[in-house]
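Trainee: Chains as they are written, first to last, in my numbering: chain H, 49 to 246; chain V, 51 to 387; chain W, 683 to 1257.
Hints in this document: simulated from the structure, not taken from any laboratory. Just to be clear, a hint being listed does not mean it is correct.
List time: in silico SDA-like cross-link candidates among lysine to any residue, alpha-carbon distance up to 25 Å [unchecked claim]:
| no. | chain 1 | residue 1 | chain 2 | residue 2 |
| --- | --- | --- | --- | --- |
| 1 | H | 136 | H | 210 |
| 2 | H | 97 | W | 1010 |
| 3 | H | 134 | H | 201 |
| 4 | W | 1121 | V | 113 |
What follows is a set of in silico ranges between Cβ atoms, one per label pair, in the way DEER data are often shown [to be verified]:
| no. | chain 1 | residue 1 | chain 2 | residue 2 | range |
| --- | --- | --- | --- | --- | --- |
| 5 | W | 1008 | V | 206 | 25 to 31 Å |
| 6 | W | 811 | H | 63 | 35 to 41 Å |
| 7 | V | 251 | W | 1164 | 30 to 36 Å |
Glycine included, each C-beta is placed from N, C-alpha and C at the ideal position.
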Amino acid sequence: MSEAVLKSASPNQAWTLPSRGIVGMTCLIIAEIAIFVIFVVAYIFYIGKSLTGPMPKDVLELPIFTTICLLSSSLTVHAAVSALQKNKQGLCSLWLAATVLLGGIFIAGTAHEWYDLIYKRGLTIRTNLFGTTFYSLVGLHATHVVVGLILLSLALFFSISGGMKEEHSEKLEVLSLYWHFVDGVWVIVFLVVYVLGR
Amino acid sequence: MFASREWCGIAAVILSAFVADPTSIFEPAGTPARSIFSLSMLVLAITAAIFLIVAGILAYVLVRYRSRPSNGQGEQEPPQIYGSNQIELSWTVIPILIVVMLFLATTRVIYTTEHAQRPANALDVIVVGHQFWWEYRYPQLGVVTANELHVPVSDKVHPLPTYLTMSSADTDHSFWVPRLAGKMDLIPNKVNTMWIDPQMKGLYLGQCAQYCGVQHAKMLIRVYADTPEEFAAWVEHQRQPAVEDSATAEGRDVFMHNACISCHTIRGTVATGRFGPDLTHVGSRQTIASASVPNTPANLREFIDNPANLKPGALMPPMHLDTHDLDAVTAYLTTLK
Amino acid sequence: MATQIPVNEVHDQMAHVPRRLWLEVLHDWVTTVDHKKIGLMYIGYALIFLVVAGFEALLMRIQLALPNNHFVSPEVFNGLFTMHGTTMVFFVGMPILFGFGNYLIPLMIGARDMAFPRLNAFSFWISAFGGLLLYFSYVGGSGLYGAGSAPDVGWFAYAPLTARVFSPGHSTDYWTLSLLLTGIGTIGTALNIVATIICMRCPGMKMSRLPLLPWIYLVMSGLAFVAIGPLTAAQIMLMLDRYVGSHFFDTQAGGSAVLWMHFFWIFGHPEVYILVLPAFAFANEIIPVFSRKAIFGYPAMVAASVGIGFISLSVWAHHMFTVGLGPGGNTFFTLATMIISVPTGIKIFNWLATLWGGKIQFTASMMFAIGFLFQFLVAGLTGIMLSVAPFDWQLGNSYFVVAHFHYVLVGAILFMIFSAFYYWYPKMTGRMLSEKLGKWHFWLFVIGFHLTFDLMHVPGLLGMPRRIYTYEADRGWMIWNLLVSSGAIIQTVATLIFVYNMVRSYFKGPIAGPDPWDAWTLEWSMPSPPPSYNFAEIPTVASRRPLWDLKHPEDPDSDYEIEQGAPRETEKEGA
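Whenever a hint applies, use it, and build me the whole structure from the sequences.
Mentor: Now the structure itself:
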């Protein structure tokens, strides 16, 4: 048996590694994408296979306005991160508030759409295969939006109360990465459900 | 010296000495099973060769390079070799070649089995899997039966295959009679097709091969390959409506006035239920409860009294008949030959 | 500047600490975020479930020893095979492999902990809760036809057997929910592993100098991200079907039973690679040390592992050859499955080449590793047989498949886990396991293993399907089943010897010291067991085997790094 002797780190070597937060969030996003892919595959597989009930083209309308709101919120959250990186806390709060507002409009829009579908058009998750796949896919996405809104609201609260400073900008960037993912998923859902499926 | 068919035959004889068995995959009695057998011999030969070579090298290495006690000079580490491009390339390329060869042989069998030319005189049978029994319908012949499948014997020169069109009424099942063919699943809301062509007269055994619930283990299969005359006679008999024997009229009344008729069909009577097996000719079957027990009056009586006595988990409920009615209905069913 | 880590100092420090109350010790373990303690908890948890699931197997083998046996009822048997499979995959295999990874990865890369210590603890506890939830079903659930309570739908829970109409009661829900929770834990740990390896390597440890164990855990974690999602999604769909009335797998409403199969196996096949890759990782560390040679072909090993990871995502429907995919589908999946044998073969050949020209030491750890090599070869070959779709039409869903996958799970993975225990137990506890008991454990287990799993191929060839609680006497299967069952008993005895060895050696084993095997990766530069902070000073490395370089300054690995071009052989002149 030999004794182990190791060199310790010498101070002049530059050894930089990627940020844990970004890597971790990227991994989480990959895992979430895997879940969404399966729901999208189920949706596509069951297009045209419902035995009864309302068909997509009978009841779906393109949610243009809410989509624009949600996709814009990606821009606003990006602006919030940039502002924080330049230590402009007030501006950061403003952009975060805009993000929460736009996300909130999206959720309200979705809720309105569902109310209409359930009570006026008679489409529920148990009506037919279209209902099953529609509500589960859009619902899964909406759940992720809600979680994001909760986290963004928390960030907004910290930002307004003055607790969020430039050194936290990487954490905010990690959160914004999640938000971009949520918006990216919506692009797919929109194309599959409202364009392809109708 | 021998053509490959002879080698397969020799292998089969040798193997069968060890594995003489009613459900061995090494005793093919029909074309699909036979072509799988030939392919499997090739695969076994290749994998056996790979095994002998690699395991041989492993054994050699363990003996040759084992650490021997040092001569007290201090431990010398062996030469540190980190890799070799040529060697690594060769053991990448050679396996790829083996894979290509194996893949081509396999593809051929896949297509010859699944895209086989269907002769005009092929027999059609619709197979519906149930928890825990098999329904067989012969649409061309107007025959409906359960659990015991009769098919005509086929011949290499004049093939007479039976095409099975299969689906399920409830959960997934799988039809596996190893001596005749590979298995094919019965899946609700999906139709699968396979074909068999037993080339020797006899009884072929199998069972359900996809877990379908409590009594999956007792969903047994019996395939009777009959000569053309026997088969024709069987078909003719099965097409008749149920026997009406005045001696068992009382038993018939018991049957028709109880819930039996909501699940079972007896052609020529008011019993037209489809949930359970067709009983028109149940007396002519060798087994009951999906081949899990012999068809004797005692077993029949016990099953009707409470199916859980013989097959716990079977979906037929206990009929709660008193002894007199039980004897009568058993006698009636025994006459339904 | 050189830093020495005197072993004695740690012990002296321990002598001055007053003995703590057991409640304090318990609190320490329950609230810990130290990767080593969490790793040990994963391992301990898995070992408990190994005993439980092994007992379930023993009950099944007793029932199957004779035809038409009445040892257990059909309902109980169906629950047993479901619980045995589910437990072994999710509550033995995954935790034990994550446990070793948790313990070893920071040590091997020169870090002080995992990237997210609190997430680490959370992942463990939620997975542990999942296991308890599954076993609560024995007490709290009610299954098929109200009889029996544990889930009894098979570990892959095919639809529509899992629909409310065919599985009333809550037993299926216990299956679904416990696995959903464990899946969250799996994603958390995999995330931690990736972030740790990418973001916390010590200076000088470029990816090309990363030991093969972390490399393989990186691939395995990547697979976990892509594979667990489909299972989670399918289980959400199943719960919606069962409770909200949706129709994902409801064949009466046009739904598809085959869709569940696709989703499950898109998870299920990568899952078995998630289980086997860590076994490869252990082999990559252990075989070189006991051959006294560097691993042969490090870049090929990395490439093969990554390749296996990717290809494993494309082979899933070889579990569905009998479902009626059509000749095109069957052909594609045959090809994909055969292709995966190429990188797998490369790994086996590289291990052989590592042994070649070495000085092989037959410690208990190495013996299990050699058993792994031999048995993994056989398992891989029966896998190739099964990849031939027509052969699978006969042997799919038969005992041949059961024999094949147990050959991988027990013969390869469990053997390598035993090897890892004998190798790293000294590091984790500071004591050596008894080599003598280790050899008893090995030989008894080998005999029992081969008796059971070699012979188990035969009933499959003779037409015996799987998941049957009994079989007919006229099939000729009895003698084989009887012998298979007897092997199970021998393996049980061997395992009990192992458990005894582990407990006894903890108290009475010889002191291990930091480096009992004269090994080369960073964990062996630590005291045994390492202090909670791991490294007093974070090391800097210049090659794949930093300790080899220190012990052999005249012939360091750093001279032969791959950047230099073609690897060269070297002759040793003296110690």
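Trainee: Checking against the hints above, which ones are violated?
Mentor: No hint contradicted; all consistent.
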